[in-house]
Amino acid sequence: MTNATRVSTGNLLSDDQIADFVINGYHIVEPQFPPEFHAGIYDELQALPSNPGDDINKAIPKIDEVYEHPAVVGALASLLGHDYTKAAHRHCHRNHPGTRSQQWHQDSLNIPMLSDGHGRVPDHVQSVLVMYYPQDVASNMGPTALIPGSHLFLAAGDRNASHGNFRDQIVAVVPAGSVLILHYDIWHAGTANTSDLVRYMVKYLFERASESAEPSWDHDGANDVHILERLERDEAALIQRSLVPKRNYRRAAMWNNLAGDASIGYEYRDKWAGEWPKPVK
Amino acid sequence: MALKQRLLYLSAQSTDPRSPAISQALHEPVKGTIVEIDPTRDSLDYDTVHDAIIYGWRVVHFPDQRGTLSDSDVDVLGYQFILEKMEQFDD
Chain S
1 MTNATRVSTG NLLSDDQIAD FVINGYHIVE PQFPPEFHAG IYDELQALPS
51 NPGDDINKAI PKIDEVYEHP AVVGALASLL GHDYTKAAHR HCHRNHPGTR
101 SQQWHQDSLN IPMLSDGHGR VPDHVQSVLV MYYPQDVASN MGPTALIPGS
151 HLFLAAGDRN ASHGNFRDQI VAVVPAGSVL ILHYDIWHAG TANTSDLVRY
201 MVKYLFERAS ESAEPSWDHD GANDVHILER LERDEAALIQ RSLVPKRNYR
251 RAAMWNNLAG DASIGYEYRD KWAGEWPKPV K
Chain V
1001 MALKQRLLYL SAQSTDPRSP AISQALHEPV KGTIVEIDPT RDSLDYDTVH
1051 DAIIYGWRVV HFPDQRGTLS DSDVDVLGYQ FILEKMEQFD D
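Chains S and V are the protein sequences, given in the same order.
Numbering of the first sequence is given in my numbering, commencing with residue 1 and proceeding in unit increments.
Numbering of the second sequence is given in my numbering, commencing with residue 1001 and proceeding in unit increments.
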């Protein structure tokens, strides 16, 4: 069965949701399952005698049901095309009380399971990290932190080691069952668990199999001007102004690589006409 | 009691100490303390380097004036100032 047969239009992302992902580098899905479903997975994770690594889905087959939920499939097909593939690499993070935070990082490219061994891709969506949380994640339970918009930049981990907290960091405080889809290159970190609860996060990787000939989401070309304005204007996180041209160029390139033949042509338009500035009080 | 150095790393949007702070890390001169991303906080201690100076911090390192090159392959977010405050700590 291909993904195309499983995706209903209602589960595809909208133009604005795709723009959100291009701008921020993440998207959250809350697939609907009975509450006991996630609690059951949590109990099974607690009972595992060791980390099954890539075989986490064989140890607990119910986890695959999360990643096969129509809402998750619709989001992945929107971002990666309907023929996207699941990488063989999977991982379950068990974050015990007392676990310290990681440093900001982009995930390693040295994963042989990534099929084409590509490098950083700041102008496309080639791979995504998909994180599933089977329990509520409170702010003191070691939530995943990320810097919105950082997927458009290439980090030098050692030069970024002294940053600590970012003003505009996003912390994934989410209800049980949430699925966090991340651009593979986003700067992120697991944070400290100062609670008395174990926090689990199961990570799968998904990849693009082919280039886009047309948008794989719920696209309407009438939104093009609005989308282009957003790509030029929306702030993800505060950065130095000298990076803004590179950021905006990569946003537009990413959108157009996703959109295929429906890419947005850039034409000059006067963005400055309008009301005079108000007097300073 | 001993006079010891507290270190505050503040990255700002530009080399101007009044530009908005992007990130912060505070290193206390106490054995065993660590610097971590704190997911329970939703703001930084200081909005700008200048704000920190008002509260008694002293700049000991200014960011490289060459800044970020638009054609650089590797990006560093912000311009990092390092500040210190000398205070009495128990040994």
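Source of the hints: derived by calculation from the structure; they are not laboratory data.
Built from N, CA and C at the ideal position, the CB exists for glycine as well.
Any given hint could turn out to be false.
[As the list claims (entries may be wrong)] Rough simulated footprint, nothing fancy, chain S against chain V, three-plus residues with beta-carbon under 8 Å: (1) 1014–1021; (2) 1024–1031; (3) 1039–1046; (4) 1051–1064.
[What the hints assert, rightly or not] Cβ pair distances, simulated, as ranges: (5) V:K1031 <-> S:A156: 48 to 54 Å; (6) S:D218 <-> V:D1016: 41 to 47 Å; (7) V:K1085 <-> S:A273: 27 to 33 Å; (8) V:T1033 <-> S:H89: 31 to 37 Å; (9) V:E1087 <-> S:E30: 35 to 41 Å; (10) V:D1045 <-> S:N223: 51 to 57 Å; (11) S:E235 <-> V:V1060: 27 to 33 Å; (12) V:G1032 <-> S:V225: 55 to 61 Å.
[To be verified] Sample of chain V residues lacking proximity to chain S, with all beta carbon distances greater than 12 Å (derived): (13) M1001; (14) A1002; (15) K1004; (16) Q1005; (17) L1008; (18) S1011; (19) E1087; (20) F1089; (21) D1090; (22) D1091.
If you check the beta carbons of S:D218 and V:D1016, does the distance land in 41 to 47 Å? Since the Cβ atoms of S:D218 and V:D1016 sit about 44 Å apart, the hinted range of 41 to 47 Å holds.
Beyond 12 Å on every Cβ pair: is that true for V:M1001 relative to chain S? Given that every Cβ of chain S is farther than 12 Å from that of V:M1001, nearest at about 27 Å, it holds.
If I claimed the Cβ atoms of V:K1085 and S:A273 lie 27 to 33 Å apart, would that claim hold in this structure? violated (49 Å)
Would you say the C-beta atoms of V:E1087 and S:E30 sit inside 35 to 41 Å of each other? Cβ of V:E1087 to Cβ of S:E30: about 47 Å, so the range 35 to 41 Å is violated.
Could you check the hint for me, namely that V:D1045 and S:N223 are 51 to 57 Å apart, CB to CB? violated (41 Å)
For the region 1024–1031 of chain V, do three or more residues have a beta carbon lying closer than 8 Å to a beta carbon of chain S? holds (count 3)
Would you say the C-beta atoms of S:E235 and V:V1060 sit inside 27 to 33 Å of each other? 31 Å Cβ-Cβ, so the 27 to 33 Å window holds.
Verify this for me: three or more residues of the region 1014–1021 of chain V with a beta carbon less than 8 Å from a beta carbon of chain S. Result for this restraint: holds, n = 3.
Measuring from beta carbon to beta carbon, are V:K1031 and S:A156 in 48 to 54 Å? Violated, at about 29 Å.
When you look at the beta carbon of V:F1089, is every beta carbon of chain S farther off than 12 Å? The claim stands: V:F1089 keeps its Cβ more than 12 Å from every Cβ of chain S (closest is about 20 Å).
Minimum Cβ distance from V:E1087 to chain S greater than 12 Å, as the annotation requires: Correct as stated: the minimum Cβ-Cβ distance to chain S is 19 Å, above 12 Å.
Status of the stated non-contact between V:D1090 and chain S (beta carbon gap over 12 Å): holds (24 Å)
Hint check: violations occur at hints 4, 5, 7, 9, 10, 17 and 18; the rest are consistent with the structure.
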